[in-house]
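All chains, full assembly: derive it from the sequences and hints.
Listed here are the chains, written in short residue letters.
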Amino acid sequence: MPAPIPSQREHAEAARRVVPKEMSTTVTYLTEKIPGFDRDPFFHPLDAILAEIAIAVQLPPGLHAKARERYEAVRTYAERAGSPLEGRILWFYPQGSMAIDATISIRGTDDEYDLDIVAALALAPDAPAGEVLDLLYNAIVGYPTSQKVERQTRCVTVRYADRMHLDITPAVRLPHSAERESHIFHAHPDDPPRLHVHVPMNAYGFAQWYRSRTPQEQRFAHALDERLRKAYGMEVRADAEVDEVPGQVSLATKSVTTVALQLLKRFRNIAYATRTRRIPPSVMISCFAGHAAQPGLSLSDMVIRQARVIARELRQAGQRRENVMVVNPVFQRDCFTDRWPENLSQQEEFAAKLAGLADGLEHIKRHEIDLESLRDWLREQFGDYVVSGAIRRFNQRAGQAVQGGATAYTPRGGLYVPSTPALVGLGAAASSRAVAATPHTFRGDLR
Amino acid sequence: MRASWSSLRAERMDARAARWRGSLKPLLQTYEVQVFYRAPMIIERIDPLRQQPRVRVLSPMLKQRPGDAEGDLPHVYWDDPNCPALCLFDHETGEWTPFHLLADTTIPWTIDWLTCYEGWRATREWTGGGRHATPLPSQETRP
Numbered sequence: 001m002p003a004p005i006p007s008q009r010e011h012a013e014a015a016r017r018v019v020p021k022e023m024s025t026t027v028t029y030l031t032e033k034i035p036g037f038d039r040d041p042f043f044h045p046l047d048a049i050l051a052e053i054a055i056a057v058q059l060p061p062g063l064h065a066k067a068r069e070r071y072e073a074v075r076t077y078a079e080r081a082g083s084p085l086e087g088r089i090l091w092f093y094p095q096g097s098m099a100i101d102a103t104i105s106i107r108g109t110d111d112e113y114d115l116d117i118v119a120a121l122a123l124a125p126d127a128p129a130g131e132v133l134d135l136l137y138n139a140i141v142g143y144p145t146s147q148k149v150e151r152q153t154r155c156v157t158v159r160y161a162d163r164m165h166l167d168i169t170p171a172v173r174l175p176h177s178a179e180r181e182s183h184i185f186h187a188h189p190d191d192p193p194r195l196h197v198h199v200p201m202n203a204y205g206f207a208q209w210y211r212s213r214t215p216q217e218q219r220f221a222h223a224l225d226e227r228l229r230k231a232y233g234m235e236v237r238a239d240a241e242v243d244e245v246p247g248q249v250s251l252a253t254k255s256v257t258t259v260a261l262q263l264l265k266r267f268r269n270i271a272y273a274t275r276t277r278r279i280p281p282s283v284m285i286s287c288f289a290g291h292a293a294q295p296g297l298s299l300s301d302m303v304i305r306q307a308r309v310i311a312r313e314l315r316q317a318g319q320r321r322e323n324v325m326v327v328n329p330v331f332q333r334d335c336f337t338d339r340w341p342e343n344l345s346q347q348e349e350f351a352a353k354l355a356g357l358a359d360g361l362e363h364i365k366r367h368e369i370d371l372e373s374l375r376d377w378l379r380e381q382f383g384d385y386v387v388s389g390a391i392r393r394f395n396q397r398a399g400q401a402v403q404g405g406a407t408a409y410t411p412r413g414g415l416y417v418p419s420t421p422a423l424v425g426l427g428a429a430a431s432s433r434a435v436a437a438t439p440h441t442f443r444g445d446l447r
Numbered sequence: 001m002r003a004s005w006s007s008l009r010a011e012r013m014d015a016r017a018a019r020w021r022g023s024l025k026p027l028l029q030t031y032e033v034q035v036f037y038r039a040p041m042i043i044e045r046i047d048p049l050r051q052q053p054r055v056r057v058l059s060p061m062l063k064q065r066p067g068d069a070e071g072d073l074p075h076v077y078w079d080d081p082n083c084p085a086l087c088l089f090d091h092e093t094g095e096w097t098p099f100h101l102l103a104d105t106t107i108p109w110t111i112d113w114l115t116c117y118e119g120w121r122a123t124r125e126w127t128g129g130g131r132h133a134t135p136l137p138s139q140e141t142r143p
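These protein sequence lines are chains X and F, in that order. Quick note on numbering: the first sequence equals residues 1 to 447 in our numbering. Quick note on numbering: the second sequence equals residues 1 to 143 in our numbering.
Hints listed in this document are in silico derivations from the structure and should not be mistaken for laboratory results. Backbone N, C-alpha and C fix where the C-beta goes; we use that ideal spot for every residue, glycine too. Hints are not guaranteed to be accurate.
Pair by pair, the computed Cβ-Cβ distance ranges are [as the list claims (entries may be wrong)]:
{"hint": "1", "chain 1": "F", "residue 1": "40", "chain 2": "X", "residue 2": "438", "range": "47 to 55 Å"}
{"hint": "2", "chain 1": "F", "residue 1": "67", "chain 2": "X", "residue 2": "147", "range": "43 to 51 Å"}
{"hint": "3", "chain 1": "F", "residue 1": "60", "chain 2": "X", "residue 2": "152", "range": "46 to 54 Å"}
{"hint": "4", "chain 1": "X", "residue 1": "208", "chain 2": "F", "residue 2": "125", "range": "39 to 47 Å"}
{"hint": "5", "chain 1": "F", "residue 1": "45", "chain 2": "X", "residue 2": "405", "range": "22 to 30 Å"}
{"hint": "6", "chain 1": "X", "residue 1": "147", "chain 2": "F", "residue 2": "32", "range": "53 to 61 Å"}
{"hint": "7", "chain 1": "X", "residue 1": "163", "chain 2": "F", "residue 2": "32", "range": "45 to 53 Å"}
Here it is, written out as structure tokens:
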């Protein structure tokens, strides 16, 4: 029988027993280590599979650059001669997930992406919110795409045939303020102007803060880059050394924190797939991830850490009978939780979901589970399609290594499929007990 | 064997035969396995098919998938329908002979097999390669 995933009650008890304090979650669960192998960020099968899931949900290679080309084209169109915004556009720049390289497919899909852009405009910061949004809308509405340009409550959406969306939010810089501290404009088209508001924000400053907290972890980024190329059928340099700067353009400039953040956002999307009300906002989760950043953790440990940090903060607010309040670390007036949670039960619900995810991952790392049972559990957390693909790629990678004799083994019978061939030699050299792989051919009766 | 595989324990059965039992954890599941090997006498003809070590998974019980294109359970010898022996190498190509160390061949190949088995269960695809044929002749006395 596969190891059962614990019940909610067991989750809670285990969490109390094992993780008395939040910051003590940085436990190494490997029961054995061979020097060298554990330098591979995907030594542990769970970390390797989580990385494959993250690759499946994140923006595919090339689409980031395509998004940049597209928003530049929209900008050019919006400031054309005769446009309502002619001479009034200062910058277009990415915000949100695109600014911190944490984009994933939108809720309810596996291959649609929302990319958030700020249009910094030369207008008065106290300009009527509805008028600013209408101005941007009127400047873009004729932009030639396959679908109608839409005015939203805070942005204007441009949709493309390949299911990419650009959400362009107008912003006006505040006078006598830090760099790019701005107002954005909230105006539902059906609401009277008295309900329209100006919302302080500094998306640019937040992205800079987040990036400063999450520097690229070279070995992790290199291993992820190699998997990303394989997933998309791109050429991989087999002789690439682990520590060298890759000769090819890196596709993933990622920290463990950011990939864990993508997994948490995907988990949220699946958990709230059928909800029509607002869901826990990405920027709130990103802010918590930035606070929880700690280089050197494994991917699974970082997912657990982020989940526990967020759950703890939500529950502490709940104990005070307050909705959680998360503000931009570089601009306190920029509140990331101004539209969620709407009540205490919403935040407790999300906290419970996150605790369940963390408990499940810890259970898997501490106990026994076969790949089939792991697949079933991961499907519930991250969705059928992406998990099936991730397990399939993991299996194919293992099979190729077995057939090619490119595996190594731990003394207690663990299989190690290296992220790069260089790491097999590294492990073998570091441990006299390591058994080298030799190719062989399975036979047997067909019944 | 002990130097390489700390989780396996040997039991000497007679002057030429031994059995090892212990755990292997290829991915996230621990398997209890048994390896039986009887060394051939020096005057015997080398016959890897007949003389090969017999590896069986004692627990958890291997799950079959009737009707699968790879067979109910890929790459095993159905000498014992309840606990088939794993088929780990091609006896016709010299991948293994009695001159090879079990610690360097049989055990890592068992880990490979278990990994591919888990992958097959999870994805229906046996990615470890191989070919099917040849029933295993009787040799081992089951304990």
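Each hint tested on the structure:
1. F:40 <-> X:438: 47 to 55 Å: 21 Å, violated
2. F:67 <-> X:147: 43 to 51 Å: Since residue 67 of chain F and residue 147 of chain X have Cβ atoms about 46 Å apart, the given range 43 to 51 Å holds.
3. F:60 <-> X:152: 46 to 54 Å: Hint holds: Cβ distance 53 Å, inside 46 to 54 Å.
4. X:208 <-> F:125: 39 to 47 Å: 45 Å, holds
5. F:45 <-> X:405: 22 to 30 Å: 29 Å, holds
6. X:147 <-> F:32: 53 to 61 Å: 59 Å, holds
7. X:163 <-> F:32: 45 to 53 Å: 49 Å, holds
The structure shown violates just one earlier hint, number 1.
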